[in-house]
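Engineer: Mind docking chain B on chain A? Use the hints.
Chains as they are written, first to last, in our numbering: chain A, 386 to 497; chain B, 177 to 352.
Hints are supplied without guarantee of correctness; some may be wrong.
Covered stretches of chain A (in silico footprint by chain B; criterion: 3 or more residues with CB under 8 Å from a CB of chain B, positions within the stretch not fixed) [unchecked claim]: (1) 402-408; (2) 414-421; (3) 451-462; (4) 482-494.
Worth flagging that the hints you see were computed from the coordinates, not collected in a lab.
Idealized CB from N, CA, C, for every residue including glycine.
This is what each chain is made of:
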Amino acid sequence: MPTICLTAAYSITASVNPPRATFVDLPLGNTAGRPHDPEFQRDLLRRAFAAAEAMDEPGTITDLGVAWDGDGSWKRFATSTGVGTGDGRDDRNQRLDTPQYQYESDRLAAGG
Amino acid sequence: MRVPWHHWTVDASTPVDYIALTRAQYDELGYPPYQWAERPDTPPWTPLRAPLAESKVALIGSGGAYLSGQVAFHWKDDTGIRRIPTSEPATDIRVTHFAYDLVPAREDANIVFPVDRLRELVDEGVIGGLAPTAIGCMGGIYSARRTVEELAPAIVAEVLAMRDAGEADVALLVPV
Numbered sequence: 386m387p388t389i390c391l392t393a394a395y396s397i398t399a400s401v402n403p404p405r406a407t408f409v410d411l412p413l414g415n416t417a418g419r420p421h422d423p424e425f426q427r428d429l430l431r432r433a434f435a436a437a438e439a440m441d442e443p444g445t446i447t448d449l450g451v452a453w454d455g456d457g458s459w460k461r462f463a464t465s466t467g468v469g470t471g472d473g474r475d476d477r478n479q480r481l482d483t484p485q486y487q488y489e490s491d492r493l494a495a496g497g
Numbered sequence: 177m178r179v180p181w182h183h184w185t186v187d188a189s190t191p192v193d194y195i196a197l198t199r200a201q202y203d204e205l206g207y208p209p210y211q212w213a214e215r216p217d218t219p220p221w222t223p224l225r226a227p228l229a230e231s232k233v234a235l236i237g238s239g240g241a242y243l244s245g246q247v248a249f250h251w252k253d254d255t256g257i258r259r260i261p262t263s264e265p266a267t268d269i270r271v272t273h274f275a276y277d278l279v280p281a282r283e284d285a286n287i288v289f290p291v292d293r294l295r296e297l298v299d300e301g302v303i304g305g306l307a308p309t310a311i312g313c314m315g316g317i318y319s320a321r322r323t324v325e326e327l328a329p330a331i332v333a334e335v336l337a338m339r340d341a342g343e344a345d346v347a348l349l350v351p352v
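Here chain A stands alone, though its shape is the one from the complex (with noise of 0.2 Å):
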């Protein structure tokens, strides 16, 4: 079954390397786009797919072109878990064994 995979990371897509990877230059989390931005996202996945369509070597990854902003500044505090306080603290989250609901709302939804 063919594939395609988006991705904001673009070393760690390299070392993976799927079949089709389409590349997208914006912060952790945002693959699919600029939030509250919908033409934003439609464009992102209309340059993927086209650009899915044209490969055909197996491990390319295509730049989609798109950009989070004019400058780039945001990759000046990108971290690996795009949170961060910079002191050398160890920041990340506790990977907590216990389901982690959005809201509580959610919680009480599903029984728990």
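Structural biologist: Relative to the frame of chain A, chain B by itself:
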């Protein structure tokens, strides 16, 4: 960890190198380097059998999407999947994950699980259809073994069943 401009990207137009960035963070914390998956061999290749405008797309997202009413993922190698009807609006999608900033995706789940956008692209004719069920998972699995033995086979089984039922021709993977 905030890093100086020149370490992780050469300039504004160069992709951030998250492998190098994570290696440095782990070094600084005194942890051994994270072992990223490396697959240097040529990946398997299945050609598209038809133009995408005539193809049904199955969405798979690893950003921890679940439907309101489903049990949320936990964050310690949760290899479960969630079946999410693609008729549901993104406002009913929830996300949970430990390894990315959830704030934007919790405002607009489409940015990690683009269901609304894919339905619109069906209407536009860019893709031929959207599989009625999408798959959500929480891709922050530190155990490569459990990913290979538990999570990946579960996803593959779901997607191949969709294919066999005529519901999907191509899989779109949206990682975070």
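Engineer: Determine for every hint whether it applies to the structure shown.
Structural biologist: Checked hints:
1. 402-408: As far as the segment 402-408 of chain A goes, the hint holds, because 4 residues have Cβ atoms under 8 Å from chain B.
2. 414-421: holds (count 8)
3. 451-462: holds (count 6)
4. 482-494: That given contact holds, which follows from 11 residues of the segment 482-494 of chain A lying within Cβ reach (below 8 Å) of chain B.
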